[in-house]
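Chains as they are written, first to last, in the numbering used here: chain R, 86 to 346; chain W, 20 to 267.
What the hints contain is simulated information worked out from the structure, not anything from laboratory work. Virtual Cβ for every residue (Gly too), placed ideally from N, Cα, C. One thing to keep in mind: the hints can contain errors.
As the list claims (entries may be wrong) - Reference listing, derived: stretches of chain R covered by chain W, where coverage requires no fewer than 3 residues with Cβ under 8 angstroms from a Cβ of chain W: (1) 128 to 140; (2) 179 to 192; (3) 288 to 300.
Said to hold, decoys possible - Here are the simulated lysine to aspartate or glutamate pairs, EDC-like style, with alpha carbons at most 16 angstroms apart: (4) R:111 to R:267; (5) W:32 to R:212; (6) W:32 to R:173; (7) W:32 to R:267; (8) R:137 to W:266; (9) W:32 to R:178.
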Amino acid sequence: MIRVENLSKSFGEFTAVNDVSFEVRKGEIFAFLGPNGAGKTTTIKMLTTLLKPSSGRMWLDGLDPQLDPLKVRKSFGIVFQDPSLDGDMTGFENLELHAVLYHVPRRQARERIETLLKLFELWDRRDVPVKKYSGGMKRRLEIARGFLHTPKILFLDEPTLGLDPQSRNQLWAQVKQLNEAEEVTVFLTTHYMDEADRVAHRVAVIDHGKIVSIGTPAAIKKSTKTETLEEAFLALTGSAIRDESADPAAAMRQFAQMWKR
Amino acid sequence: MGVIYILWLRELKRYVRSRAQIAASLGQPVLYLLALGFGMGPVYAQAGHGSYLQFLAPGVIGMTVLFSSVFSGLGLLWDRQFGFLKETLVAPVPRLLIMTGRTLGGATVAVIQGLLISIVCIIAGFRPVSLALVPVGLVFMMMIAIVFAALGTAIGSALKDMQGFQMTMNFLVLPIFFLSGALFPLNNLPRVLGWITSADPLAYGIDGMRSALLGVAHFGEAIDGAVLACVAFLFLSLGAYSFSKVEV
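Whenever a hint applies, use it, and build me the whole structure from the sequences.
The structure is reproduced here in structure tokens:
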């Protein structure tokens with residue numbers, strides 16, 4: 086479903102993604118793991134047409150994101166690392182707008198929105214502005230939105246960041262349910278290794294822009310002779326702490342929050 | 020079309036829901052209208068030009084439309100901040116449609132703001148000389164809205180943070196307002212100021228409105244309309260180009 090060959094991306098001197106190749110099969114849940122700044126989000130941005138690669142090729146459902154951006158965009162859903170909802174609109178309106186942007190026929194959209202909002206337990210709050218939602222509710226709404234146009238692939242970039250264990254468990258249960266019911270391929274990144282271990286069929290560990298290991302969680306644990314995926318991860322990537330500098334968008338978000346109240 | 024409509028509708032919904040903001044954004048023009056209109060009125064009358072409030076009202080309407088439409092374009096900055104921009108950029112829709120929907124939405128909101136302040140002007144004592152020409156004034160108001168909503172989109176696409184917003188306010192929007200002749204007649208200006216004002220698109224918009232509502236013009240309606248149409252085309256192209264280059 087996803088094929089990536091020798092993909093690289095450099096920003097000036099810095100190489101964020103360095104000659105990465107991998108494949109994700111149809112219906113698979115694939116976890117992309119790595120420390121901060123390893124190149125996870127950059128890879129997702131290239132796959133989802135938001136960034137142009139420096140070199141290499143990729144295919145999503147047989148289509149090249151660079152040659153067929155509009156078709157590729159229709160074939161995937163995405164939940165970004167940071168929120169991407171319109172807080173002034175209600176949950177229902179956010180999904181409605183998404184349905185129009187993705188050309189989902191009106192009647193079909195209504196039904197689908199109702200099903201998804203019920204599944205993600207947001208139906209009762211559908212007419213409340215999103216800014217009044219809790220963090221967990223916003224995340225669930227974004228995931229529901231990602232599934233709305235029945236995509237073939239769903240990208241989840243650290244979807245459980247900042248959620249409590251209850252919400253995290255529930256969220257993965259719902260994602261798994263839809264993965265099985267609709268055969269959606271799921272490509273996710275997370276910092277919670279236990280989640281990846283539980284949810285993902287296969288895992289790739291990326292560090293300094295290169296894939297250092299790829300396989301089922303069991304195989305990775307076996308090859309590193311460790312008990313848990315977290316130990317395997319540390320064995321593969323070392324224990325040095327990676328600091329990312331804050332990007333302008335993050336700095337602005339902070340400013341905006343100060344401004345709001 | 021559905022895409023343009025839903026994004027246009029979004030701008031309108033956001034506007035209607037932020038009642039505090041509506042009131043706040045009308046405060047400044049009302050202050051200009053009342054403080055300057057009544058404060059400078061006697062001086063203006065003594066100089067033999069008649070009622071300053073009459074003269075000022077189209078200027079204040081133009082100012083309201085200018086501020087409101089530029090801000091709506093800069094709303095892109097907020098969407099970038101709160102992440103919603105990404106949702107529209109990964110959608111399987113050409114960016115030109117997204118830009119068009121947003122810009123038309125912003126322009127519509129600006130026209131509504133302009134109409135609200137027009138009502139305030141009428142309450143304050145402003146009277147158009149001919150009711151038949153009021154629609155012409157409305158057309159000029161819409162042209163101002165489109166020109167500056169497009170400019171706002173162009174700038175909003177290029178900016179990355181709030182500092183840029185302040186810069187835009189101080190070095191672009193305020194000069195456009197002050198040099199447009201919103202507050203003073205363009206006749207008999209010092210030569211350099213005359214040149215500068217004739218390079219200000221808002222000057223043509225306000226001149227067009229004055230011509231329709233008061234029957235006095237500096238450039239003349241035909242020139243006003245032609246200049247505004249050209250500038251609208253230019254800014255819309257610029258906005259479309261600038262928006263097509265946005266990266267998140």
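Hint-by-hint comparison with the structure:
Look at the segment 128 to 140 of chain R against chain W: 4 of its residues bring a Cβ nearer than 8 angstroms to a Cβ of that chain, three or more, so the hint holds. Residues of the segment 179 to 192 of chain R with a Cβ under 8 angstroms from some Cβ of chain W number 7, which satisfies the need for three, so the listed coverage holds. With 0 residues having a Cβ less than 8 angstroms from any Cβ of chain W, the segment 288 to 300 of chain R misses the three-residue criterion, and the hint is violated. Restraint check for residue 111 (chain R) and residue 267 (chain R): satisfied, since their Cα atoms lie roughly 11 angstroms apart, inside the 16 angstroms limit.
This hinted pair checks out: residue 32 (chain W) and residue 212 (chain R) have alpha carbons roughly 14 angstroms apart, not beyond 16 angstroms. A C-alpha spacing of about 9 angstroms is found between residue 32 (chain W) and residue 173 (chain R), which places the hinted pair at or below 16 angstroms, so the restraint holds. A threshold of 16 angstroms between alpha carbons decides the hint, and for residue 32 (chain W) with residue 267 (chain R) the separation of about 34 angstroms lies outside it, so the pair is violated. At most 16 angstroms may separate the alpha-carbon atoms for a hinted pair to count; residue 137 (chain R) and residue 266 (chain W) meet this at roughly 10 angstroms.
Of the pairs offered as hints, the one joining residue 32 (chain W) and residue 178 (chain R) holds, with about 10 angstroms between alpha carbons and a cut-off of 16 angstroms not exceeded.
The structure fails to meet hints 3 and 7 from the earlier list, while all remaining hints are met.
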